[in-house]
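Line by line, the protein sequences are chains A and B.
With our numbering applied, the first sequence corresponds to residues 1 to 574, in that order.
With our numbering applied, the second sequence corresponds to residues 1 to 93, in that order.
Quick caveat, the hints were computed from the structure, so don't treat them as lab data.
Please note: incorrect hints may appear among the correct ones.
Which chain A residues face chain B? A few, computed with CB under 7 Å, are given here [to be verified]: (1) 82; (2) 83; (3) 354; (4) 356; (5) 375; (6) 376; (7) 377; (8) 383; (9) 438; (10) 439; (11) 448.
It should be emphasised that the depicted structure is a prediction, and the values quoted were computed from it without experimental measurement.
Just so you know, even glycine gets a beta-carbon here, dropped at the ideal spot from N, CA and C.
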Amino acid sequence: MMAGLAWMIVANAAVLLAARTAVRRCGTGRPAADLVLFLLFRFAFIMALVIATGLAGLLTPLGLGLVSAALLAALLARGERLDFPWNLDLTPGIPRLALVFLAIFAARAVFQTLIYVPIDGDATSYHLPKVAEWARAGHLLVDLGNDPRAWFPSGLELVEAWWVIFLHHDVLIELAGLEFLLLAGAATWALAGWLGLGPFGSMVASLAVATAPGLSGQAISGLNDGAAAGLVLAGAALVVHRAPPALLIFLGGLAAGVKPTAVYALPGLLLLMFLVRKTPPSPNPGSTAWIAAGLALALGGFWFARNWVYTGNPLYPAFTKFVYDHLGRPMQRLGPSPATLIENLKVLVDFRLYDGRRPYHPILEFSAGWGPAIVACGLPTLVWALRASARMRTIAVAFAVSLASVLAQVVTDRFNLRFILWFPALPALGIGWAVERHRRLAIPAAVALAFTLLATTFYSHYSASFLNFHCRRDRWTEGAAWLLEIFPDSRVGTYGVFGPRSYLLYRPDFHVEVVSIRADSAADLRRELDRHGLDTLYAFSVHPKSPEGGILAEAVRQGWLHRITELGIYRARR
Amino acid sequence: MNTPAEPRRAVVTLVELALAGLLIAWRCVAPTWHPFWRDILFLLGLYWIFLVLCRNTRAREGVTLALTLVCLGIYLKSVMQDLLFVANLLPPE
Numbered sequence: 001m002m003a004g005l006a007w008m009i010v011a012n013a014a015v016l017l018a019a020r021t022a023v024r025r026c027g028t029g030r031p032a033a034d035l036v037l038f039l040l041f042r043f044a045f046i047m048a049l050v051i052a053t054g055l056a057g058l059l060t061p062l063g064l065g066l067v068s069a070a071l072l073a074a075l076l077a078r079g080e081r082l083d084f085p086w087n088l089d090l091t092p093g094i095p096r097l098a099l100v101f102l103a104i105f106a107a108r109a110v111f112q113t114l115i116y117v118p119i120d121g122d123a124t125s126y127h128l129p130k131v132a133e134w135a136r137a138g139h140l141l142v143d144l145g146n147d148p149r150a151w152f153p154s155g156l157e158l159v160e161a162w163w164v165i166f167l168h169h170d171v172l173i174e175l176a177g178l179e180f181l182l183l184a185g186a187a188t189w190a191l192a193g194w195l196g197l198g199p200f201g202s203m204v205a206s207l208a209v210a211t212a213p214g215l216s217g218q219a220i221s222g223l224n225d226g227a228a229a230g231l232v233l234a235g236a237a238l239v240v241h242r243a244p245p246a247l248l249i250f251l252g253g254l255a256a257g258v259k260p261t262a263v264y265a266l267p268g269l270l271l272l273m274f275l276v277r278k279t280p281p282s283p284n285p286g287s288t289a290w291i292a293a294g295l296a297l298a299l300g301g302f303w304f305a306r307n308w309v310y311t312g313n314p315l316y317p318a319f320t321k322f323v324y325d326h327l328g329r330p331m332q333r334l335g336p337s338p339a340t341l342i343e344n345l346k347v348l349v350d351f352r353l354y355d356g357r358r359p360y361h362p363i364l365e366f367s368a369g370w371g372p373a374i375v376a377c378g379l380p381t382l383v384w385a386l387r388a389s390a391r392m393r394t395i396a397v398a399f400a401v402s403l404a405s406v407l408a409q410v411v412t413d414r415f416n417l418r419f420i421l422w423f424p425a426l427p428a429l430g431i432g433w434a435v436e437r438h439r440r441l442a443i444p445a446a447v448a449l450a451f452t453l454l455a456t457t458f459y460s461h462y463s464a465s466f467l468n469f470h471c472r473r474d475r476w477t478e479g480a481a482w483l484l485e486i487f488p489d490s491r492v493g494t495y496g497v498f499g500p501r502s503y504l505l506y507r508p509d510f511h512v513e514v515v516s517i518r519a520d521s522a523a524d525l526r527r528e529l530d531r532h533g534l535d536t537l538y539a540f541s542v543h544p545k546s547p548e549g550g551i552l553a554e555a556v557r558q559g560w561l562h563r564i565t566e567l568g569i570y571r572a573r574r
Numbered sequence: 001m002n003t004p005a006e007p008r009r010a011v012v013t014l015v016e017l018a019l020a021g022l023l024i025a026w027r028c029v030a031p032t033w034h035p036f037w038r039d040i041l042f043l044l045g046l047y048w049i050f051l052v053l054c055r056n057t058r059a060r061e062g063v064t065l066a067l068t069l070v071c072l073g074i075y076l077k078s079v080m081q082d083l084l085f086v087a088n089l090l091p092p093e
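Please model the complete structure; the sequences and the hints are all you need to start from.
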């Protein structure tokens with residue numbers, strides 16, 4: 001563990017220095033935008049290192065550490081130094097209360113990282129099992145399991161792997177999402193700077209975005225919608241600061257590798273480029289930026305190339321039966337629809353804006369997850385700011401177009417507002433604009449932020465009953481007792497297509513081998529269990545009326561498989 | 001404050017009033033579960049009309065402060081509906 005910790009420190013020093021060097025070579029010269037670029041370059045270097053070592057079978061603390069150390073040595077040999085040159089103008093003009101909020105927020109992020117385990121259904125079904133497999137195998141090309149959504153681009157998962165590999169433990173896995181939350185906050189700061197807001201207004205706007213329940217929940221859940229939102233906001237920030245096209249392509253490449261649906265927001269960003277075309281451009285960094293663009297396109301394109309090689313379809317599982325749920329309904333639509341736009345707008349402003357249907361929740365079931373600061377303070381102040389600031393109107397028009405584009409393209413389901421988690425930045429800028437001019441308006445904003453911090457420290461996922469089960473007080477050692485009781489084996493089989501939720505089976509230190517079982521009949525199932533020498537089968541997600549449900553029922557009827565709990569846990573008789 | 005130039009002011013005002021009216025009208029046709037006086041969009045429409053009509057900065061600040069507090073109350077009442085907020089902190093049996 002100590003060696004892993006040492007390698008982790010070395011590796012992080014390497015990517016920080018590499019990112020700093022890249023910004024020095026092709027930054028915009030504008031501090032806030034360069035901070036955004038710095039974070040993006042850090043992601044790019046992390047992704048490149050994890051992919052490179054993963055393809056080489058060196059995705060281990062030593063392998064990743066040595067490659068990172070080599071990068072660090074090369075940079076130091078060239079005379080590169082890690083400094084912090086960005087003067088973000090953090091003057092004493094920021095009230096102490098805002099700094100207290102920031103400190104509490106940061107402390108809470110550390111607390112949540114240490115105590116939570118990602119337990120969301122999507123995260124544990126198809127985002128994180130591959131991270132566990134990478135950690136176990138030390139290789140990137142592993143069995144992705146039965147859930148076809150595991151084939152989606154996995155840029156966030158690469159950053160999660162970065163925080164997992166060195167310790168061979170998932171205690172820090174949430175730091176990946178929190179880094180993207182930091183990106184969202186930095187991008188909002190950069191947008192606020194372009195609006196002419198000072199440090200106080202910029203900080204309030206950034207805090208309002210970073211503490212929004214949807215975004216802050218996503219950051220600690222292993223889901224990638226928050227990461228995509230951070231990238232969209234970074235795009236807006238780079239556009240208004242007139243970053244050169246190569247850097248925008250660089251960002252696009254990263255976004256394609258994290259969550260391609262971020263492209264739904266592109267129309268608004270293109271409009272924003274048009275609207276700000278007459279403002280002075282940032283210095284052209286020349287070929288260095290194009291090299292960065294090429295690197296990011298390769299990183300984003302990696303997943304599509306892999307899918308093409310392995311399945312013949314770069315967009316797999318798109319255009320297959322897997323885009324339909326077990327009732328035959330399409331889980332996502334292709335192309336925009338005015339009817340969908342109106343329907344989604346209605347559910348947003350009539351119901352989900354109020355977050356009243358469910359407790360706060362990372363996947364945003366029946367809610368927008370914008371929180372009280374954005375809804376109660378941001379929307380009114382936005383109206384005022386829109387009337388007063390031409391630049392605010394410019395951003396607002398672009399965001400409105402992106403909002404319409406996204407809402408016209410995502411199917412109206414319980415969770416679809418997670419695709420617009422970047423939009424709260426607009427009303428957040430309204431808050432920043434207002435509090436800077438009228439300090440009394442900071443009172444409701446402070447109340448709302450305090451409430452949000454309190455109410456999102458424990459998500460419904462992580463309520464007290466879940467604390468017993470999932471939030472491992474002893475996660476540095478063995479994990480929760482219940483899982484030990486149910487799965488004493490160090491090898492477990494999982495069965496079922498959508499939502500197998502297998503990540504928790506690996507345990508925090510990934511010592512359990514999880515085998516994805518594929519079987520089209522009861523005889524197949526028995527043969528596969530025998531072949532892998534498995535006694536225990538976890539089929540949590542199998543619907544009784546699905547084909548897999550029929551196969552399990554048949555195996556139970558034949559008498560060689562026993563269902564031992566209602567959670568879909570089976571034991572094979574030998 | 002960046003108010004529109006005089007020749008365009010009437011048109012801009014009309015557009016603003018139309019948008020504010022749209023917010024108010026939306027509530028009139030939408031089947032929401034809350035009454036109109038607890039609909040934030042409806043209140044935003046009224047507020048927008050106020051901003052168009054009133055140019056006194058102190059009055060604007062006061063009304064904005066009042067509106068944010070009202071909206072905060074509406075939002076908090078909503079999330080605490082059916083003790084959902086409490087359910088965040090206590091085990092949902």
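Status of the hints after comparison with the structure:
no. : hint : verdict
1   : 82   : violated, 41 Å
2   : 83   : violated, 39 Å
3   : 354  : holds, 4 Å
4   : 356  : holds, 4 Å
5   : 375  : holds, 5 Å
6   : 376  : holds, 4 Å
7   : 377  : holds, 5 Å
8   : 383  : holds, 5 Å
9   : 438  : holds, 5 Å
10  : 439  : violated, 10 Å
11  : 448  : holds, 6 Å
Hints 1, 2, 10, counting from the list given before, are not met by this structure.
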